[in-house]
Every structure is written in C-alpha cells, then in structure tokens.
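Residue strings, one per chain:
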Amino acid sequence: MGLATHDIRKHFGTIRANDGISFTIESGSLHGILGENGAGKSTLMKILSGFYEADSGEVDLDGETLDLRSPADAIKVGIGMLHQDPLVFLPFTVLDNFVLGSPGPQRLDRSDARAELERVSGELGFRFDSERLARDLTVGERQQLEITRLMWLGAKVLIFDEPTTGISATQRDQLFLTLRSLAENGLIVLFVSHKLEEVEELCDSVTVIRQGKVVFEAAMPITSEVLVEKMFGKVFVEEDRDPAPFGAPVLELSRVTIEEGTTHIEDLSLSCAAGEVVGLAGLEGSGQRTLLRACAGLLAPSSGLLSVDGNNLNKASYRDHLAAGVHYLPAGRLEEGLVEGISIAEHLVLTSEDTGFFINWDAADEAARQEIDDYSIKGRPSSPAEALSGGNQQRLLLAMIPDEVRLLLLEHPTRGLDVGSAAYVWQRLLERRSDGTSIVFSSADLDELLRYSDRIVVFFAGDVFAMRNVGETDGEELGHLIGGKVRG
Amino acid sequence: MEATLNSIIAAAAPLVIATMGETITEKSGVVNLSLEGSLRLSAMTGFVVAFWVGHALVGFGAAAIVGAAIAAIIASTSIRLKLNQIAVGFVLTLLAADLASFLGDSFVGERGPRVPALPIPILSDIPFVGKVFFDHDLVVYGSFLAIGVTWFVFYRTRAGLNLQGVGERPEGAFARGVKVNTLRFWYTVLGGAMVGIAGAAYSLDVKLGWRETLTLNLGWIALAIVIFGGWHPLRVAFGAYLFGALQVLAFQLQDVFPGLAQVLPIAPFPLMIIALVFVYSSGFRRIGDHFPRLRNLLGSEAPAAMGTVFERE
Amino acid sequence: MRVAAPTLVALSVALAFGVVLLILAGAPPFEALWLLVLGSFGSASKMAATLLAWSPLLLASAGLVITFSAGLWNIGVEGQIVVGAIVATWVARSLPGPVWVILPATIIAGAIGGLIWALLAGVLKTYGGVHEIFGGLGLDFVAAGLVVYLVLGPWQRTGQASTSGTNIFREEAWMPEFETFGTAWPVIPVALGLVSVFAVWLLLRGTRFGLRLKAVGRNPQSSFLLGIPTNRYMLGAFAIGGALAGIAGTVQVTAFHHKLVPAISGGYGFLGILVVLLAGFSAVWIAPIALFFVAISVGSTQLDLRLGLDSAFGGVFQGIIVLFVMIGGAWSASRGSFSQAVREEP
Chain A
1 MGLATHDIRK HFGTIRANDG ISFTIESGSL HGILGENGAG KSTLMKILSG FYEADSGEVD
61 LDGETLDLRS PADAIKVGIG MLHQDPLVFL PFTVLDNFVL GSPGPQRLDR SDARAELERV
121 SGELGFRFDS ERLARDLTVG ERQQLEITRL MWLGAKVLIF DEPTTGISAT QRDQLFLTLR
181 SLAENGLIVL FVSHKLEEVE ELCDSVTVIR QGKVVFEAAM PITSEVLVEK MFGKVFVEED
241 RDPAPFGAPV LELSRVTIEE GTTHIEDLSL SCAAGEVVGL AGLEGSGQRT LLRACAGLLA
301 PSSGLLSVDG NNLNKASYRD HLAAGVHYLP AGRLEEGLVE GISIAEHLVL TSEDTGFFIN
361 WDAADEAARQ EIDDYSIKGR PSSPAEALSG GNQQRLLLAM IPDEVRLLLL EHPTRGLDVG
421 SAAYVWQRLL ERRSDGTSIV FSSADLDELL RYSDRIVVFF AGDVFAMRNV GETDGEELGH
481 LIGGKVRG
Chain B
1001 MEATLNSIIA AAAPLVIATM GETITEKSGV VNLSLEGSLR LSAMTGFVVA FWVGHALVGF
1061 GAAAIVGAAI AAIIASTSIR LKLNQIAVGF VLTLLAADLA SFLGDSFVGE RGPRVPALPI
1121 PILSDIPFVG KVFFDHDLVV YGSFLAIGVT WFVFYRTRAG LNLQGVGERP EGAFARGVKV
1181 NTLRFWYTVL GGAMVGIAGA AYSLDVKLGW RETLTLNLGW IALAIVIFGG WHPLRVAFGA
1241 YLFGALQVLA FQLQDVFPGL AQVLPIAPFP LMIIALVFVY SSGFRRIGDH FPRLRNLLGS
1301 EAPAAMGTVF ERE
Chain C
2001 MRVAAPTLVA LSVALAFGVV LLILAGAPPF EALWLLVLGS FGSASKMAAT LLAWSPLLLA
2061 SAGLVITFSA GLWNIGVEGQ IVVGAIVATW VARSLPGPVW VILPATIIAG AIGGLIWALL
2121 AGVLKTYGGV HEIFGGLGLD FVAAGLVVYL VLGPWQRTGQ ASTSGTNIFR EEAWMPEFET
2181 FGTAWPVIPV ALGLVSVFAV WLLLRGTRFG LRLKAVGRNP QSSFLLGIPT NRYMLGAFAI
2241 GGALAGIAGT VQVTAFHHKL VPAISGGYGF LGILVVLLAG FSAVWIAPIA LFFVAISVGS
2301 TQLDLRLGLD SAFGGVFQGI IVLFVMIGGA WSASRGSFSQ AVREEP
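Residue numbers (this note's numbering), protein chains in the order written: chain A, 1 to 488; chain B, 1001 to 1313; chain C, 2001 to 2346.
Please note: incorrect hints may appear among the correct ones.
[To be verified] Sample of chain C residues facing chain B (criterion: CB under 7 Å; computed from the structure):
| hint | residue |
| --- | --- |
| 1 | 2142 |
| 2 | 2156 |
| 3 | 2313 |
[Claimed, not checked] Here are the simulated lysine to aspartate or glutamate pairs, EDC-like style, with alpha carbons at most 20 Å apart:
| hint | chain 1 | residue 1 | chain 2 | residue 2 |
| --- | --- | --- | --- | --- |
| 4 | B | 1179 | A | 340 |
| 5 | B | 1179 | A | 335 |
| 6 | A | 76 | B | 1002 |
| 7 | B | 1207 | B | 1105 |
| 8 | B | 1131 | B | 1311 |
| 9 | A | 230 | A | 67 |
| 10 | B | 1082 | A | 19 |
| 11 | B | 1179 | A | 19 |
[Stated by the list, open to error] Residues from chain B that face chain A, not an exhaustive set, calculated with beta carbons under 7 Å:
| hint | residue |
| --- | --- |
| 12 | 1156 |
| 13 | 1157 |
| 14 | 1158 |
| 15 | 1161 |
| 16 | 1165 |
| 17 | 1169 |
| 18 | 1171 |
| 19 | 1172 |
| 20 | 1175 |
| 21 | 1207 |
| 22 | 1209 |
| 23 | 1212 |
| 24 | 1216 |
Just so you know, the hints here were simulated from the structure itself, not pulled from any lab data.
Ideal Cβ placement from N, Cα and C applies to all residues, glycine included.
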C-alpha cells in the first residue's frame, strides 16, 4: 500500500523538468522531497496533483494505476496539494473557500457546511471564524484552511509545497505537529522543501531530486552532509572573508517605526557604513521586504528618522531616494525590475545618465555590447528581457545600477540562480562595496548571509528580532533566531 | 405615480436583462465589450426574423443566437488564441453595429409583431403593487426572473460559487477541479444570449420596429451600469432601474423643460463616473468592514481575473 | 515580412466574407467592389475627398499609437475630436483677421481642446481610479451632448436652430485648398496628418521620451522603480493623443464641413482604433492602412447612390478585415511562428 511513480517525464520547451522519476512511498509516512530551486520538485508535485499532465510515466496509488488528467481526477482518488501560495480566494469568506469545488447538491447548505468546517477543523485542532474573509487570514491560517478542506474531501495523499515559506515559527511548529498526526493516521504526507533542517526535523524518509532525476532515496536519519552533497552534487567550501574598511555611515535609521499590513517594525535603530554589508535574515514575509521598501522610499516610516549620507529622507519620495543615490532591486526580476518586450540595449538607455531628447541607437548598441561583455550576459543588444535566463536577467539588472550609488538595497539577489551565477553576482556586488557603497540585502540562504554580510539583522514575525556581527554567530544560532528562539 | 413606476419598470426591463447577462460574463472573468454592437445587431435580427415568421418568440430566439455567437467569438479567441478581450470586443462592437445597419436597412419603418400584454390574474388586482409589478408582459417578467435567478445562483448555489471562483482566481478554481475555460466559455455565451434577448426586447416590445438609433448608446450604458453595480446583481438591477427612471422622466418632462430632455440621456455616464470616484474612495470601502452582511452588496472590486487568460502551464 | 502570409490569408478570407455578404444583400458583388474603388479614386474630385477624409483619420490614429504605447485604451478619442472641433469653432467664429492668423489659431485651439478633454480622462484614471475606457466613454457622451447643445443653443443657425449645424464660417476661417487638375486639394490637412504620423514614429523610435512611454505601457511597476514618473508619462501620452485628436477636430470643422455639426467626429476616433489595431500598435503602417480604410468609407457612399445598399457596408468590411487579421495573426502565432504583432496587449 502506498504511492509510487514510474518513470515520470515532463519537459517545458527544451528543459527536461522531470527526466524519468520513479519512487515509492509507504502509507503512513512523512516523506521529504528535497532539491534545490529548479530541481524539478514542483513540477513533479503538480503532476501528482493533476495540475500538469506528464508527458509519460505512471502514478500508482494503493496498487492501482491512476489516470491523472486534471486536479479533479487527483481529488477523486484522494490526492490533494497545498500550493506554496495557498490558492484561496481572497475576497471570499472562509466558509465559501471551504465549500468551493466540493461535491454535493447544487443548492448550497451553508449551515451544514459550517458544521462540517467546525467538525473537521476541530479534529485538526484549528479554529476559524467562518465569516471572515480569506484576505484577513495570515498565510499560516490560509494553509490550515486548505488542510481542513483537503481532509474534508477525503485526502489520502497530501502534498505540501514549501509550506514554511511566509509563516511564523509558532505556525510552523503547529504545522509540523499537524503533519505528524496526519501521517500517524495513515496518510501519505509529501513534504517538499529545499530546507534541510526542516526535512531532518520532520520526515521519516527522503527522496532527493537533482536536475529532474531522483539521485537519492533513504530512510531518515541521514546526516546533513550527505543530503547537501546529494542535493548540490558537491560540498561547499567556506571562502575566506575579505571585508573592506568601513567609511562614514551612509544609511542611518534612528528609532524608526514602519508599519505595513501585519508587519510592524518598531523603534529600529540601524546604520550601515560605506563599504559595509548588512544581511537581513528571516523567514519570507517576516518584515525584511518592508524594511527594504522603507529604505528605498516606497513606504514612509510612521516615526523616527531615516537618512542617507546625513540627508533626512523621512518624507522623501522614491525618486528623491534615487537622487540621493539609493538603488533598490526587488526579487521579482521581470515584475519589478525589467520590462518585457524591451531589449537589453533599451534597458540600458532607460537607465543611462544621458538625457538628450534623441537616442543615438548606434552608440546605444555599442554601449550595450560593452555591458554585455562586461557582465558576461548571454544575449544580444536586441534580446528582449523575457528571453534571458534568470541569471542573465540578474546580470542585466546589475549592469543597470548607476555608477554613483551610495546605498544598494537587494532582495534575494541570488534566488533561483545556479551556483556560478550567484558567485558572479556577489563578485560584482563586492566590487561595489570596495568602492564605498553600502549594501543591505535579504536572503533566505544562511550560507549566503554568513559569507557576505558584516552584520546580520534577524527578522521574526514582522519585527527585528536580533542583530549579530558576523564573527560572533554561526548558522546554527541564526537558524534558531530565525525561528524566534534565542539559543540558551 | 403607479403609472410612472409601471413604465419605469417596463422601460428598464431590457437593460436589466442585458446587464444581468454582462454581470454573469464578467463574474466568470471575461469582458464582453461588444454590447453596443450586440444589442443593435440582435435588435435588428430579432425584429427581422419575427417580421418574417410573424411570431415575436421566434425573433427572441434568433436574437439570443446572435448575441451568443458574438460572445462565443470573444470567449474562444481569448481562450484559444489568447487575443485581448477588449480589442476583439471593440472590433465586434463596430462590426456588429454596421452589420445591423447594412442588413437591416430595408426593414426600417416596418412594423412587426409585438409581445402581448399579460397582466397576471389576481396579483395584478392588488392595489398599487399589482399595477406596478404585475401588469406587464413576458419581457418584464423575464427581467424579474433574470435578477432573481442570477442572485440566487451567485450566492446560493455551488455553480455560482464556482463561477465566482473562476473569475476571481482561476488557478485556485482549477486546483479544486473546476473546468475553468469550459465554464468561462459557456457563461460568456449565456451572457451574450441574454444581451441578445434584451436587443430583441427593444425592437419587439419597447418599440415596434427597428431603426439604427433604436438602441443607441444603450450598450455602453449597460457596461457602465455593471461597474456601477459592483458586479452584484441587485445593485446592478438598481442601476438599470435608475437609468429607466431617468429615461421616463426625460420623456415625461420634455414638453415642460425641453432642455432637460436633451441632458438626461447623457446624464448616466457622468453620474457613473462620479459614482465610481466615490465608490473607490476609502470612506466608502470602510462601510463594508462595519457591516459584513452588506459586504457583497457594497463591494466594488472587479473580479480579480477579469479580462485575463487562464493557462494551465 | 514574417507577418505577411497569415495577413494575406486573413485579408482574402475577409474579402470572401464581404462578397458573400453582398450576394446575401442581393447586390452584384464585383460591381459593388469596383464601385468602392471608383467611389474613392475614380476622379480627381473623389481622390481629393478621400484625401480630405484621410487626414483626420491619420491624426487620430497617430495620437492613438501614443496612448496605446503607454498601455492606455483611449476610447475617449471621439470626445477629444469633438471638443477640439468645438474650441476650433469658437476661435473661427470669434477671431477676426486674415487666414494666416486664423489658420494657426484654429489648429492650436483644436489641439488645446482635445488635450484638455484627454487630460480629464487621464486624471480620472491616475487619480480617481476610473478605468480610461469608462472615463473616456463618459467624456465622449458629455462632448456629444455639448456639441448638440451648442448647435441648437448659443451657436444656432441664423433664423432657426437646426441639427444641420451652425452658420457656415466666413471664408478666412476655412483651411486653404490648392486648385490644380480641376479640383481643390486638401494639402494642409494631409500635411498635418502625415507630419504627425512621422513625428509619432520618430518619438517612439528615436527618443528617450518614447522609450520611457513604452516601458510605462508594458510594465508600470518596473518603470516606476527605474525612476520613471509613470503617472506623468501616462498623462503625457493622453495629452499628445488628445492634442492630435483635437487637430483632427479642427480639420473636420475648418476643412470639411466649414461649420460645426452634431456628428462632427465623423467616427474617425473609433475607426482610428481599428486602424491602430490592424497596424499592430506601430506607427509604420498607419498611413497606408488609414488610406485603405478611408477609401472603403468614402467609396461605400457610392453603394448607396448606385446600388441602393446601405453605406454601412464599408464599416462591416473594415471590421471584418481587422477581426480576421487579428485572428489570423494569433492563430499562426499559436502555431509557433513569431508574428506576435497583433496579439501583444497594449
């Protein structure tokens, strides 16, 4: 009895996302699926839940071969998936979210459904106000709502795709408790993650996927060294740190309070000197983005003083921040950085300091060729942004940073990049640092934070939780701090 | 008074049917911008077919098919070819309107069959209410039915919840096993058919006969009313009746204040813009937070996925 | 030229559709199509009429290329033509002086009228949250009401108010024509139209302003972060589009009607949207497509005179062409070729 896949294949264009994946999972187990970003985990899970159709291969559940053409088929046989961003309907009530898509007579009996919601959520230890809007729930609560719904529909296999992204540590602990009890009750729980610690903490067995193939399968416990090697193919070597001498303070926050949605950063004092790198650690959505946005001038602090190079920028607009030498690079490269349908050369013209009315296209092409060379971008001056790979998009964004920048604000600068591109990005950033630019960046990667920061600010549950100089801390302590615990 | 209310309800009936149709379409995530053209072409077709056959009902059927066919073009080019719904809708607006003028030219001035009056026995004898609501014909009763059924389906049935889910977050609906594009297609076609029926109502009920200017600007007004109504069937219906009242008022006052009769027909649009600015203002939004029961009725957010294409991969 | 094949197929299908329609209407199809050609280019005076109609369409389309580039559906273009015509009429009626004073004055007046009307829609969008389609439609209605009010009220014809329009302007307010080959040629309107198409092409192709406008149209979020003041650029696009539409209004009153009439826009605003859709939102093909379309419009009046067909056939034919070319382009794109021109969302 259990879930098995045989030789699952799926390609997108020329990319083989799943290249012959086979594995078996026993009922009643909590099984981790590990792999770095882009390894093919999400594709596989979407195939299992019917969201994608596989090109070939088969899926068996309890000895029967399944015909999975749509999520409807998957739900019918009891496979439910919780997407990374829970697919709830924000303007609908909790109750309507619970009912939507469920079988039953056309006439909706909401009081009956409410009773069911209360019963199932009670069994799972969750509490909901059925009339609240999903928009007002935290990500953790939205997950609970989805779990409740999938259990109510009779799920036998539950897939969790990176479920700890964007939830607090308390919610994470509760989620893990829930997952364990679901597995104890005979369900198959698939826990997809690229976070080793979580898989180690939670799972009974693990499958490691790399480049669309299964590279490792075993029962836990397995040492993290082995898992890291299987995931990445090689073990990282810590590079020697080579900090630049600090100059005068560039960014100064003094008793700043910033509010955005559920995030509430209170009374923060922080400074970042010329040539200093400050890393922002924390689970996704713990307030790092809010701080970056405030420093960039996209969000006004409700109190306190924010200055760059001694100039008060409290009430200043985003464009004033730009003029003051602040440059912000958000995580969404094609959403909040580049423009689809506009070429590399055109992007560079948009950010060049030339202000003439007419564009000299020959010169622009030449300049673009220069930058392409300089930043080893794989593309031509006429290549549109969307035709570039993630790494090349990031290189283009780096090339677009003006020369005279005082403060660089970066959100997940290497997310989704391969090891080579990530190293390249940092090489360029460190050059900037040596020129006296201050850098503040957020990352989910502890390794990256420890390697490149001079100081690390840890966020937890929407506020700053701790600050550490990098020589005085290590990955283990950071891991605890991110989870809201002080090692003691 | 009774007579005035009676004529407002009768005058607004086709608009009610058309706006309900467009509300259904937009709730599913598709914008059928072609209403101005759809109404005119279906009014013409409905009239011509009824004129040939000598029976109004057949005309309504033909008009519904015309409206549905135009909607089907918008839905299928969006779903299959990923064409922009606004662009296709706009082209069809002009195309259908000119097609109506071209094909209907020789029928201008003819008189066709009409929808017979059908006071509902007993109910129509109730003082006041009977005269206002139950002394009408099938088109008007159809408009009541359209409001009631749309409201009921939206808020009291599974189909309605799925419909709203498809327009709000298609990936979410798809993950729950809802056939997103199939539903979008058929709800767009259904909405288009209702617009077609409304068109025929203008040439077979409100007026007897067809001319180019019969439905002039009413399609645009219907689109505006749907926004004004915040995609809620009851508020949309209220908007349609408000417009009906303006029309009747303009007609009744044209002898007394000739200037007013000129102004009233253009009044709805500026009124709608003012209403939109007001509705988007933050103060109005907060009302819904204080009265959760009224949230649907007061909300003014467009279905989040309106006008977009859903793709599985 | 990669779009040529599906476009040609689509055009032939549209033509076949038109022929079927003519047969259905009981007209001899090939005679009717020939009448379209004769009606628009059959004589010097018909050619002049076609060119005169071409000008406002060129102006409106050029303006629409700008607004589409900024990602805006400027459905208010009809109202902008109307208000341009109204302001130009006001100047033509009230400003004394010779033609070389009034001519530039009416052109500037039309531009200002259209610009203001477009900015109203722009402000409603950027600061009021009203989508430009509905703000624009609303302003179209208001402009239409305004022109009727003026024609029947304050500016009514001497003697009796009539929907046939105001008094004819005095001749100094007419746009001068150039007599040769036995007819009067609308040189100034055509020059205005062609110059604006060229200017728009240059603006989008060769200037920083145009590039930023394109960036704003395609991704306002990224553009804002790149430091482009997005609202200002959207308003700028409205202003330019509106000014060009307003000049189209000037041409309508001072070169064509020589008075203000209720249906002053001639439908060139909406027809311009069709032209720009067919041109794939680019300025390059505007001029020939617009000429083709006005030829159909002008020629189709002959169908009415000679065959007793409704002149709306022209509109039907134009609509079918745009629809089929859009579908054909998207269909071949979905088959893997790269002709994306018509399916790019503005």
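Against the structure, the hints come out as follows:
{"no.": "1", "hint": "2142", "verdict": "6 Å, holds"}
{"no.": "2", "hint": "2156", "verdict": "13 Å, violated"}
{"no.": "3", "hint": "2313", "verdict": "5 Å, holds"}
{"no.": "4", "hint": "B/1179 <-> A/340", "verdict": "30 Å, violated"}
{"no.": "5", "hint": "B/1179 <-> A/335", "verdict": "28 Å, violated"}
{"no.": "6", "hint": "A/76 <-> B/1002", "verdict": "56 Å, violated"}
{"no.": "7", "hint": "B/1207 <-> B/1105", "verdict": "17 Å, holds"}
{"no.": "8", "hint": "B/1131 <-> B/1311", "verdict": "51 Å, violated"}
{"no.": "9", "hint": "A/230 <-> A/67", "verdict": "32 Å, violated"}
{"no.": "10", "hint": "B/1082 <-> A/19", "verdict": "30 Å, violated"}
{"no.": "11", "hint": "B/1179 <-> A/19", "verdict": "29 Å, violated"}
{"no.": "12", "hint": "1156", "verdict": "6 Å, holds"}
{"no.": "13", "hint": "1157", "verdict": "5 Å, holds"}
{"no.": "14", "hint": "1158", "verdict": "6 Å, holds"}
{"no.": "15", "hint": "1161", "verdict": "5 Å, holds"}
{"no.": "16", "hint": "1165", "verdict": "5 Å, holds"}
{"no.": "17", "hint": "1169", "verdict": "5 Å, holds"}
{"no.": "18", "hint": "1171", "verdict": "6 Å, holds"}
{"no.": "19", "hint": "1172", "verdict": "4 Å, holds"}
{"no.": "20", "hint": "1175", "verdict": "5 Å, holds"}
{"no.": "21", "hint": "1207", "verdict": "38 Å, violated"}
{"no.": "22", "hint": "1209", "verdict": "41 Å, violated"}
{"no.": "23", "hint": "1212", "verdict": "41 Å, violated"}
{"no.": "24", "hint": "1216", "verdict": "36 Å, violated"}
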